[in-house]
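Protein chains: 2
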Amino acid sequence: MRLAELSALSGVPTATIKYYLREGLLPPGERVSATQAEYGEEHVRRLGLVRALIQVGRVPVATARQVLAAVEDDSVDLTTRLGTAVEALPHGPEPTAGAEVLRTAERTASALLERLGWHRAASESAAYGMLVSALTTLLELGYPCDVDRLLPYGELAGDLAVHDIDLIEQFQAPTTRLEAAVALTVLYEPVLLSLRRMAHAEESTRRFTDAAPEAGG
Amino acid sequence: MRLAELSALSGVPTATIKYYLREGLLPPGERVSATQAEYGEEHVRRLGLVRALIQVGRVPVATARQVLAAVEDDSVDLTTRLGTAVEALPHGPEPTAGAEVLRTAERTASALLERLGWHRAASESAAYGMLVSALTTLLELGYPCDVDRLLPYGELAGDLAVHDIDLIEQFQAPTTRLEAAVALTVLYEPVLLSLRRMAHAEESTRRFTDAAPEAGG
Chain A
1 MRLAELSALS GVPTATIKYY LREGLLPPGE RVSATQAEYG EEHVRRLGLV RALIQVGRVP
61 VATARQVLAA VEDDSVDLTT RLGTAVEALP HGPEPTAGAE VLRTAERTAS ALLERLGWHR
121 AASESAAYGM LVSALTTLLE LGYPCDVDRL LPYGELAGDL AVHDIDLIEQ FQAPTTRLEA
181 AVALTVLYEP VLLSLRRMAH AEESTRRFTD AAPEAGG
Chain B
1 MRLAELSALS GVPTATIKYY LREGLLPPGE RVSATQAEYG EEHVRRLGLV RALIQVGRVP
61 VATARQVLAA VEDDSVDLTT RLGTAVEALP HGPEPTAGAE VLRTAERTAS ALLERLGWHR
121 AASESAAYGM LVSALTTLLE LGYPCDVDRL LPYGELAGDL AVHDIDLIEQ FQAPTTRLEA
181 AVALTVLYEP VLLSLRRMAH AEESTRRFTD AAPEAGG
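Line order of the protein sequences matches chains A and B. Residues in the first sequence are numbered consecutively from 1, following the working numbering. Residues in the second sequence are numbered consecutively from 1, following the working numbering.
In short, the hints are calculated from the structure, not lab data. Misleading hints may appear alongside valid ones.
Covered by chain B, according to a simulated footprint, are these stretches of chain A (three or more residues, beta-carbon under 8 Å) [unchecked claim]:
id, segment
1, 17-30
2, 48-59
3, 63-76
4, 171-185
5, 188-197
6, 200-206
Some but not every residue of chain B turned toward chain A, in silico, with C-beta under 10 Å [said to hold, decoys possible]:
id, residue
7, 10
8, 21
9, 25
10, 52
11, 60
12, 61
13, 115
14, 116
15, 131
16, 132
17, 147
18, 150
19, 157
20, 170
21, 197
As the structure is a prediction and not an experimental result, all values here were calculated from the model. We put the CB at the ideal spot given by N, CA and C, even for glycine.
Looking at chain A on its own, in the form it has when it is part of the complex (with noise of 0.2 Å):
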């Protein structure tokens, strides 16, 4: 397909589209003459997920190339392609507390992997220091942050990770599974966090609200 059908099928502008190319997050069409390129399925597909990094992500073009090269670098096995394009996305911000409450969040985290058996998720990833990062602010708020209350929260991320994974793994092709891979990490977290905040309001009418004459009935 030419460059004006693939901005229709996939509702990017061809504008849009041809910054893509520009930056190498795109790869080129098959060129047919000077001035035209022929593009094909892995065109749509690779838009998605370019789309859903920098439009739902909010990942910076320069980090979105980096995803992209290690979903593309086949002399590598995929779990170690996964784990490198997961780990070029952003993670929050650095934490800034002292180095106390540091080691106390990093005794957490690791108390907390230790608990959950988690001995393949290396510590030195990038979710590792995000988790880290979140404990340390929980810490100097005086919130409650111990491995005990962490740990439904870890048991919970353990099955949905269970359920994302089988979700991609009825992707076939190496290349494709990987892409589905990242764009399900970054698009089902929005999922994630509002179905949550539903819960809550569910959870804390059922308990507060209906309390009462539940009690009573």
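For chain A, the structure is supplied; the task is to place chain B on it using the hints.
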């Protein structure tokens, strides 16, 4: 305590505290002289919430003011105050999809709430809008997001909410409880997302890398 002590105790610079006071994010201290005011425990706690909102939640100052007004409004019941406060939090970009995709996303979201039995979660809430927006992106990119696949995420979010509200119930005074609810809504989001990413690494290694030797053994 004086401003300098409040700053030392909270780790927030005095210039930042003065800015929060000017912006009405922190109630004024009790005047003890023309140039000095006395601050208490509630200032330490409130400062924690303001930092959670602005530094971790990246909430604009005007939005933080709305959230805090809802926390303080004791003319309505706790559930309404919490609902209004969480409603004021940012909920990500508005959907930009075409009318047909938007209708499918809305139908999916509404069917999902029906299946979850969440009759109390208002479909006009900001969190619902955030879900619909995330679903339109998944639909546009051709990723799976039917009710059956979304259901486990909703169920797990429901389990998370039970733990969240358990944490919040530890705080007795109504305003303290609301402050904790808002702070924990914001502060546990990075905890959850980082644990999900680590669980991905764990589950994907278990399934794709460890799988071969296990099958042979």
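Each hint tested on the structure:
no. : hint    : in the structure
1   : 17-30   : violated (count 0)
2   : 48-59   : holds (count 6)
3   : 63-76   : violated (count 0)
4   : 171-185 : holds (count 5)
5   : 188-197 : holds (count 10)
6   : 200-206 : holds (count 7)
7   : 10      : 8 Å, holds
8   : 21      : 19 Å, violated
9   : 25      : 15 Å, violated
10  : 52      : 6 Å, holds
11  : 60      : 16 Å, violated
12  : 61      : 17 Å, violated
13  : 115     : 12 Å, violated
14  : 116     : 8 Å, holds
15  : 131     : 4 Å, holds
16  : 132     : 9 Å, holds
17  : 147     : 12 Å, violated
18  : 150     : 7 Å, holds
19  : 157     : 4 Å, holds
20  : 170     : 7 Å, holds
21  : 197     : 4 Å, holds
When the structure is compared with the earlier hints, violations turn up for hints 1, 3, 8, 9, 11, 12, 13 and 17 and for no others.
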